[in-house]
Amino acid sequence: MRPKILATMLGAFVACAALMSGRDARSDASPGPANAATVYGNIPPDQIEFLSSPERIKSIASSGSPAAIWETLEHGEKVECLECISSIAPLLYDRNAETREIAAWWLRRRIFGVFGPGEVYEQTLKTLQGDADPKRRAYAAEALGEFLAKPGIAACGAALTGDSDPTVRAAAAGALGRLHDDAGGALGKALGDADARVKIAVLGAAPRINGWTGTPAVAKLTTDADALVRRRAVQVLDTLQAKESVASVVLLAKSDPDPEVRLSACHALGTFHDAVARPVLEEIAASDSSTFVRDQARIALRRL
Numbered sequence: 031m032r033p034k035i036l037a038t039m040l041g042a043f044v045a046c047a048a049l050m051s052g053r054d055a056r057s058d059a060s061p062g063p064a065n066a067a068t069v070y071g072n073i074p075p076d077q078i079e080f081l082s083s084p085e086r087i088k089s090i091a092s093s094g095s096p097a098a099i100w101e102t103l104e105h106g107e108k109v110e111c112l113e114c115i116s117s118i119a120p121l122l123y124d125r126n127a128e129t130r131e132i133a134a135w136w137l138r139r140r141i142f143g144v145f146g147p148g149e150v151y152e153q154t155l156k157t158l159q160g161d162a163d164p165k166r167r168a169y170a171a172e173a174l175g176e177f178l179a180k181p182g183i184a185a186c187g188a189a190l191t192g193d194s195d196p197t198v199r200a201a202a203a204g205a206l207g208r209l210h211d212d213a214g215g216a217l218g219k220a221l222g223d224a225d226a227r228v229k230i231a232v233l234g235a236a237p238r239i240n241g242w243t244g245t246p247a248v249a250k251l252t253t254d255a256d257a258l259v260r261r262r263a264v265q266v267l268d269t270l271q272a273k274e275s276v277a278s279v280v281l282l283a284k285s286d287p288d289p290e291v292r293l294s295a296c297h298a299l300g301t302f303h304d305a306v307a308r309p310v311l312e313e314i315a316a317s318d319s320s321t322f323v324r325d326q327a328r329i330a331l332r333r334l
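So in the numbering used here, spot 229 of the sequence shown is number 259, and the numbers just go up one at a time.
Any given hint could be a false lead.
[To be verified] Capping the alpha-carbon separation at 20 Å, the derived lysine-lysine pairs in PhoX-like fashion look like this:
{"no.": "1", "residue 1": "K180", "residue 2": "K156"}
{"no.": "2", "residue 1": "K219", "residue 2": "K250"}
{"no.": "3", "residue 1": "K273", "residue 2": "K250"}
{"no.": "4", "residue 1": "K284", "residue 2": "K273"}
{"no.": "5", "residue 1": "K250", "residue 2": "K284"}
{"no.": "6", "residue 1": "K108", "residue 2": "K88"}
[As the list claims (entries may be wrong)] Here are the simulated distance ranges between beta carbons:
{"no.": "7", "residue 1": "A97", "residue 2": "K180", "range": "27 to 35 Å"}
{"no.": "8", "residue 1": "E313", "residue 2": "K273", "range": "36 to 44 Å"}
{"no.": "9", "residue 1": "I329", "residue 2": "T245", "range": "18 to 26 Å"}
{"no.": "10", "residue 1": "T245", "residue 2": "Q159", "range": "27 to 35 Å"}
FYI, nobody ran anything at the bench for these hints, they're computed from the structure.
Quantities reported herein were computed from a predicted structural model and do not represent experimental measurements.
Cβ atoms here follow ideal geometry from the backbone N, Cα and C, with glycine treated the same way.
Using the sequences and the hints given, assemble the complete structure.
Now the structure itself:
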């Protein structure tokens, strides 16, 4: 048997043995330095794959180090540890967004202990639906998006259209984008939300929805009072290649007071490949007050 094949097989054996035993499979733990060299060859010790032990998973949750939490949970993806769940679940409400994300990522991979009655997922649904703290409700919505489970769709749709706090509504919109579902039209309805943060979150989610049908509502936001909403709206129209909105985008490219909006509009006109935009783009390329907008108009003209 070739040495490289043998080394690969030995590496797989060591990893499986560590998983079954729950022991740390670092090169300086289970296989000693000499054995690590045999298994992994000349790979530096700090680059050798290891499996997190249940003890490390439980202890790292209270360390306060996002990097250590990420590393430990990533290497503990397939380590079944029922007693670890109660240590990781509170991280869904950690102040660090990356810690919340990796906690939900790890929890959703559990075979047992997360999705049953009264367990973490059901608790998260209840937090979104009734916790007094809007920050916790927003974090719960984020977690439901990361759990990728169907009950989260209806819960986030209800929060998006009914929660009193715009931060929660925005988080629910983002979660629906992660779930690739508009919750029966809740996302489209939320494009009319009074808060710009919510509209921006919906616009971020819209391109991720399979069979999105809210393009006309997106086009209406090209006249929104908030410049960032207008820019995000035209970027979504660009992504969706919504050629039917060319008239709205031409108006933005020609006369919007914000140069970032005009630039995005020119880019979208290039994407649409509609010759009706040529005269406007030629005018912009010659006379817009922004060098960047003029350059983008010239690029768009080449794409028509």
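Okay, the hints, checked on the actual structure:
1. K180 - K156: Holds. K180 to K156 sits at ~15 Å (cutoff 20 Å).
2. K219 - K250: Between K219 and K250 the Cα gap is close to 12 Å, so the pair holds against 20 Å.
3. K273 - K250: This hinted pair holds, its Cα atoms lying about 14 Å apart.
4. K284 - K273: Given that 20 Å is the threshold and the Cα spacing comes to 17 Å, the pair holds.
5. K250 - K284: This hinted pair holds, its Cα atoms lying about 17 Å apart.
6. K108 - K88: This hinted pair holds, its Cα atoms lying about 15 Å apart.
7. A97 - K180: 27 to 35 Å: At roughly 33 Å between Cβ atoms, K180 and A97 fall inside 27 to 35 Å, so the hint holds.
8. E313 - K273: 36 to 44 Å: Check failed, 21 Å falls outside 36 to 44 Å.
9. I329 - T245: 18 to 26 Å: 24 Å, holds
10. T245 - Q159: 27 to 35 Å: Given a distance of about 31 Å, which is inside 27 to 35 Å, the answer is holds.
Comparing the model with each numbered hint stated earlier shows that hint 8 is the single one that does not hold.
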